[in-house]
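J.: Residues per chain, in single letters:
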Amino acid sequence: MSESTFKTEQPPTALQRFKASHFWHSFKIDRVAQLSFLIFLAYVVLAIFASLIAPFDPYDASQIDIMNSEIPPSWQAEGEADFLLGTDAQGRDMLSTILYGTRVSLLIGLCAVALQALLGIVIGLTAGYIGGRVDSFLMRIADIQLSFSTLMVAIIVLAVFQATFGTELYQQLAMIMLILVIGIAEWPQYARTIRASVLAEKKKEYVDAARVMGFGRLRIMFRHILPNTLSPILVISTVQIANAIISEASLSFLGLGMPVSQPSLGSLISSGFEYIFSGVWWITVIPGVVLIVLVLVMNLLGDWMRDVLNPKLYKG
Amino acid sequence: MAEQANSLVQIRDLYKRFSISGDLLDQLQFKGGKLTRHREYVHAINGVSLDVMQGEALCVVGESGCGKSTVARTVMGLLSPTAGQIAYRGERIDNLSDKQMLPYRKKMQMIFQNPYASLNPRMTIVETLQEPIKFHNPSMTRGEIQDKIAEVMLSVGVDPSWGERYSHEFSGGQRQRISIARALAVNPEFIVADEPISALDVSIQAQVLNLMMDAQEQRNLTYLFITHDLSVVEHFGTRVAVMYLGSLCELASTKQLFSNPRHPYTQALMSAIPRLEDDRPDYIKLTGEVPTPVNLPSGCVFHGRCPHANERCKQEIPVLTALDDGTQVACHGVEEDRL
Amino acid sequence: MPLLEVNNLEVCFGLRSGAVKALRDVSFTLQRGERLGVVGESGAGKSVLGFSIINLLSRPGHISSGSVHFEGKDLASLAPEELRSIRGNRISMIFQDPMMTLNPVLTIGVQMVECLLAHRRISKADAKRIALKKLQQVQIPSPEKRLDQYPHELSGGMRQRIVIAIGLLLDPDIIIADEPTTALDVTIQAEIMDLMLNLCEQNNVALILITHDLGVVSQVTQRMLVMYAGRIIEQGPTKEIINDAQHPYTQGLMNALPQMALPGQKLNQIKGTMPPLQRIPKGCSFNPRCEYVMDICKQTLPSFTQSGNCQVACHMVAEPMQDKMLIKEV
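Residue numbers (our numbering), protein chains in the order written: chain F, 1 to 316; chain U, 1001 to 1339; chain Y, 2001 to 2330.
Any given hint could turn out to be false.
[Unchecked claim] The calculated lysine-lysine pairs, modelled on PhoX-like cross-linking and capped at a C-alpha distance of 25 Å, are: (1) Lys1285/U to Lys202/F; (2) Lys1106/U to Lys204/F; (3) Lys2282/Y to Lys2021/Y; (4) Lys1285/U to Lys204/F; (5) Lys1106/U to Lys203/F; (6) Lys202/F to Lys1106/U; (7) Lys1285/U to Lys2145/Y; (8) Lys204/F to Lys1099/U; (9) Lys204/F to Lys1134/U; (10) Lys1255/U to Lys2266/Y.
Keep in mind that the hints were calculated from the coordinates and are not lab data.
Produce the entire structure from the sequences given, and follow the hints as far as they go.
T.: Below you can see the structure in the form of structure tokens.
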């Protein structure tokens, strides 16, 4: 063969491929995406290293002095240099509490989305690939699940749990409960998206080729089809993390989320809400801004990814 | 039909229909105060019987919607027949489970039409080729697998050093070569090729056809070759089956079909091939539109467009009958010696 | 004066990896009523040529140099308003996929009438009458019924007929047909090609037929261009090229047709594939695939040589001529 197209070149490495990809290129030219990604990265770094960065440990009762309560941020007249963002009603340093709260919020968001993705991928793949009655059955379940709003399900489940097992046990298990509830409530988003792209992929001939080879269903589903549905999964994941964080914040705000002793951003906002009319705005507003920026950044990233990865907008 | 001695694949009275009326809720209709269940079908194949002989290239020709691809996919077990049987070396294979089918998967392979969709975009060429080899030969060592991959890649004219690349880095013709390599990787004896060259450019078509002929010679392959292009058939096929609207019109050796087409549809099809030499085409004009396979016409499926149709053609379905020269034709006109 | 004159047309596509020339130095003329075939493989630039004639290139493509003159007017210098009145009105285009022209949510009648009213000052009733007449011309059974139908209710062949009727609606001078029958079955293709041929002859319409199918070109057109990697490599009367192609690529294309080989024997293939536009080799762009390649082919781009009534861009064809000229000079 004398086709000389690639003759002398080495096959590109994964990094070179990535650098030549449309994904990387559109990231390079999109300032909003870059900024969003940087801010998100900063959030992640701060959350991971919260215990190193934070000046106090808000979980350690010995470091909390009730006398320090409700000190305004340091730039205000009555502020103290020790507490950069002031303190809350219990005398905890706001900066440290927000850092730890971000960690809790992100952790719940990520884990809940991982659970959603796991359920959604398995159910969506099965429904899309096997089709027929299985598909109808699973998708009707998804419809039913979707017709209850996430918050409604969460409120009922968490309230019932709290009532039956007592607040104490609930507070111990709050994080796991939140992850489970938010994770289970929103899997249909994933299942539907994945089913749609499985239906599209299933028609392609490489799937037929795999069937002709005699490969089993599971192998075809997970080895051949799943990798080709990753782009939509990536897109909804970013948006879903933002949604999960908001859900968690809403639940915490309603008193069904993280306990005050281990506050998430939502429960911080909620705990400050009582005092907001007495002029103590910072307990609510500062974590609120932190939360809004985080969610905004996730949504911007999600939007950008949808634009880049959507095969209808971009063919290649 | 009698069992022929050297037939590899036998297709008997194959029927395939697809429901197009959706699920149960869509099928229910309210008519005249009564709730009825109304179902519509596409009749893709209507009673096709064919034998693929050992070592031949049997071409199935027809226009879009005639059911030729459905025949290919049913033979490969990608679709299950509504009625009829498919046998491989005399053993029925259309009712087997996936597991029971496995030994036949090694012997029967398929090449697809669209080179851009038939390779998994997330797999490198080596991954694409090694998966079937590993799967069907679990005892092979890594070295043996690598040798096999290199062997099939070389045999289709793709440089083995390109193995770490993804399919989108190749041109259409090269992808189709890789597709062929994948089929050859499990050492099949029978290959179904569903329009393998129709998505390719003329100069590439010739390369791929040559490659397939080489492979047939070297590996003693049998082909079931699906195409809409009669000019390719003349070159490639041992025998030709012409299909129209899910039925077989004519089955003949290539030589006979091209020198003396009997069925009026075959004649029209042949005259419509755009040939290089003639200045102005002198083709047989067909009137009317191709009927949809949803509401099949009564009688001969071709009667609506046939210039020689009479009353009998509109009523009675013609059966495939063998003529003296071995050609089999399903046409009342030929049977009555009108044509 | 020719109806259409294309001079040294060059079309660039500004891509991330740099500008790519999709067309280079394309020149040809089209007389009134003439049928011209443009042949090439995918990626040869034949569709780009069709689009650039009516200046319908979408970004990132643009005409970077050269000109297109229609009846002596430079199309590039026209205001968008004037260009629009030529496009559709005087030059119409037929695509491979009829659904590129037809709007799926409007009936055939509405689309045809709208098209007429956009370009002509006539009443709705007149427009409908013209539409009906055109549908009759393309031999559609029961044309009155078709006016009230939606595109999806019609078969592929019927849709392509409708598109042709729409193309003829404004009595254009040129029809550019880009692979008009590729998606159709052979029997339908033969009918449609026959129809187009007759319509062009009757109405004295010039046709630019863009296709990869040499058979169709040989039956329908009077003159043809063969394109390779963005350039015209051979042009001349269809009959002459079909019977005695000069350029090795044209020869190869024709020899690769299955009908050119004896049954059961190997086809005559052209080795290799057309280079992507980013990597066109130096010299003659066909040189890596050419059987007759010479040193000069790898160095310099061949210019057109007159051979009979044809023009060929090939050193091999040019050389014997030079030899003859040298002999004369001596």
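J.: Tell me, which hint numbers fail for this structure?
T.: 1 and 4
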